[in-house]
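This is what each chain is made of:
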Amino acid sequence: MDKIISYKDVIDQLSDGMTIGVGGWGARRKPMSLIREICQSDIKDLTVVSYGGPDVGLLCAHKKVKKLIFGFVSLDMIPLESHFRQARQKNEIEVMELDEGMVQWGLRAAAMNLPFLPTRVGLGTDVLTHNSELEYVTSPYSDAEKLVAMPALKLDVALIHVNKSDEKGNTQIIGPDPFFDELFARAASKTFVSSEEVVSTQDLGGKDGAIFNRFERSLVTGVLHAPCGAHPTSCAPNYGFDIKHLKEYSEAAKSFDEYSTKYLNRTHQDYLDAVGGSDAILKIPLPQF
Amino acid sequence: MSESITLSEICISASSKAWEGEGEILATGIGLIPRIAAGLAKLTHNPDLMMTDGETYLISQPAPMGKRDISHDLVEGYMSYSRVFENLWGGKRHAMVTPTQIDSFGQTNISAIGDYNSPKVQLLGVRGFPGNFINHKNSIFIPNHSVKTFVSSAVDMVSGMGYQNKDLSNGKFEIKLVVTNLGVFDFNGKDDSFQLLSLHPGVSVDEVIENTGFDVIINSDKATPMPTDKELACIREILDPQGIRNSIFGE
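Protein sequence lines correspond, in order, to chains A and B. Everything in the first sequence is counted per numbering that gives the first Met the number 0, starting at 0 for the first residue and increasing by one. Everything in the second sequence is counted per numbering that gives the first Met the number 0, starting at 0 for the first residue and increasing by one.
Just so you know, these hints were derived from the structure itself, not from any lab. Heads up, a few of these hints could be off.
Taking lysine-lysine pairs in the DSS-like style, the calculated list, with each CA pair at most 27 Å apart, reads [to be verified]:
hint, chain 1, residue 1, chain 2, residue 2
1, A, 62, B, 66
2, A, 253, A, 62
3, A, 65, B, 119
4, A, 7, A, 62
5, B, 147, A, 89
6, A, 282, B, 66
7, A, 89, B, 119
8, A, 253, A, 66
9, A, 66, B, 91
10, A, 253, B, 66
11, A, 246, A, 89
12, B, 175, A, 145
13, A, 145, B, 91
14, A, 189, A, 65
15, A, 145, A, 7
16, B, 66, A, 246
Far from chain A, by Cβ distances over 10 Å, these chain B residues were calculated [to be verified]:
hint, residue
17, 59
18, 76
19, 201
Glycine included, each C-beta is placed from N, C-alpha and C at the ideal position.
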């Protein structure tokens, strides 16, 4: 089985109005080469589910987002995401703003093929005020507690960036935190994975490597070879986030054309050359908190 | 201690008391002062606290501020984001956070300022506030005590719940301490009202009242205790040897 595909193959399988989940967290291990590819396509009116970083910002800057389902959007070292802020402040996107754990719960419900999962989270807050579609459920047990019924967040497509994969879609996330990528894959009808390295099954590291296999290959629809594909976000242990580039990206909210001309609307390889080359990216140290 | 004691050191010492008597829980201090304060709590009165390296691992000693040699971190456990969520839903955590707005009920906002549909200022989003405040105790650090932060009506987007809804939290909701640049407060006044516990040096009761958009119960105007020599040594020599804390109040 060979699941190796091209950027065009991925875009061909996307369509207007889809719900797309993006793995990673803030400025960490985002499938940015895939996001840039969507930005330069005709696809529009997306519902995006994300622990948001520059993936959300870039999609907002390209007017690809109809609705954002999120708990936060942040660039880590730069706390506020300027492109997302601009879209919100100009009322350009619909939002379903949730607690981070509610996002996890929604993905988990979808992953488990359940209509909802109960939680106390959200009670007593404006998360419920602003999301009138959220309903309550009463515990059928003697406590009869009234809880939030967090609905399943079903995804048409999940986009995930990993450290390693074979051509069958046996992926490995080697960075210490796999975030919630497994749930994004389980909640989605199709999952496209971009990978730093594509290796043979023999080179996945056997039992020791298998610990890093966070979800099984039957969930993976296609694998894209994308070295440095998370740039400017980090991809531990391969490289840290490119703070200099993130600053430039962040400031580009004022005049996006300049940033776009300099870096976007080109192949992934040309992007890498434009931002300084993969050798330089691979030397960016991991962040320290 | 020959150097004079700074406001940031007074705030760190006061904030560290948030974790007093809290036992073996995860201490999360978000931001400079809360993080140093959590470390101080662990080094002084609560050695059982669990703390992360700021990312994915639990380490035995608090991570000092600034660049450090992480090969010296003694890793004792694992705390991915998924594990943090599991931990906080179980309530075994106490976080100290800095909301952009707080109101008389203790409701907090880090999401957006102004009209929700087209905010005047979009902030981070509610992040984990709804889950944190309904599942475990929290404390708050505010570096700029003013009517813009302590707002007169409800916060613009309730991210963390408040005392009027405490019955929804299965007994878990509590804002234990609020430490600001003016003094130390809690919500243990009559009917969960906001009350002054102590004033920092040079701060008057009038200044507190003027800078708070809602009523403050004044039962005391005692002075915030100064950090002890041991606390100062921990802050200056171990937790923040580079003096990054000085940036908070421009000291």
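Verification of the hints:
1. 62(A) with 66(B): Violated - the C-alpha atoms of residue 66(B) and residue 62(A) are around 39 Å apart, more than 27 Å.
2. 253(A) with 62(A): holds (15 Å)
3. 65(A) with 119(B): holds (20 Å)
4. 7(A) with 62(A): Measuring from Cα to Cα gives roughly 20 Å; hence the hint holds.
5. 147(B) with 89(A): Cα-Cα ~23 Å, so holds.
6. 282(A) with 66(B): holds (18 Å)
7. 89(A) with 119(B): With a Cα-Cα distance of about 9 Å, the restraint between residue 89(A) and residue 119(B) holds, given a limit of 27 Å.
8. 253(A) with 66(A): holds (22 Å)
9. 66(A) with 91(B): violated (34 Å)
10. 253(A) with 66(B): Roughly 32 Å between the alpha carbons, so the hint for residue 253(A) and residue 66(B) is violated.
11. 246(A) with 89(A): holds (22 Å)
12. 175(B) with 145(A): holds (26 Å)
13. 145(A) with 91(B): holds (23 Å)
14. 189(A) with 65(A): holds (20 Å)
15. 145(A) with 7(A): At roughly 48 Å apart (the allowed maximum being 27 Å), residue 7(A) and residue 145(A) break the hint.
16. 66(B) with 246(A): Within the cut-off at roughly 20 Å; holds.
17. 59: holds (17 Å)
18. 76: Nearest chain A Cβ is 12 Å from residue 76(B), so the label holds.
19. 201: holds (31 Å)
In the structure shown, a violation is registered for the earlier hints numbered 1, 9, 10, 15, in ascending order.
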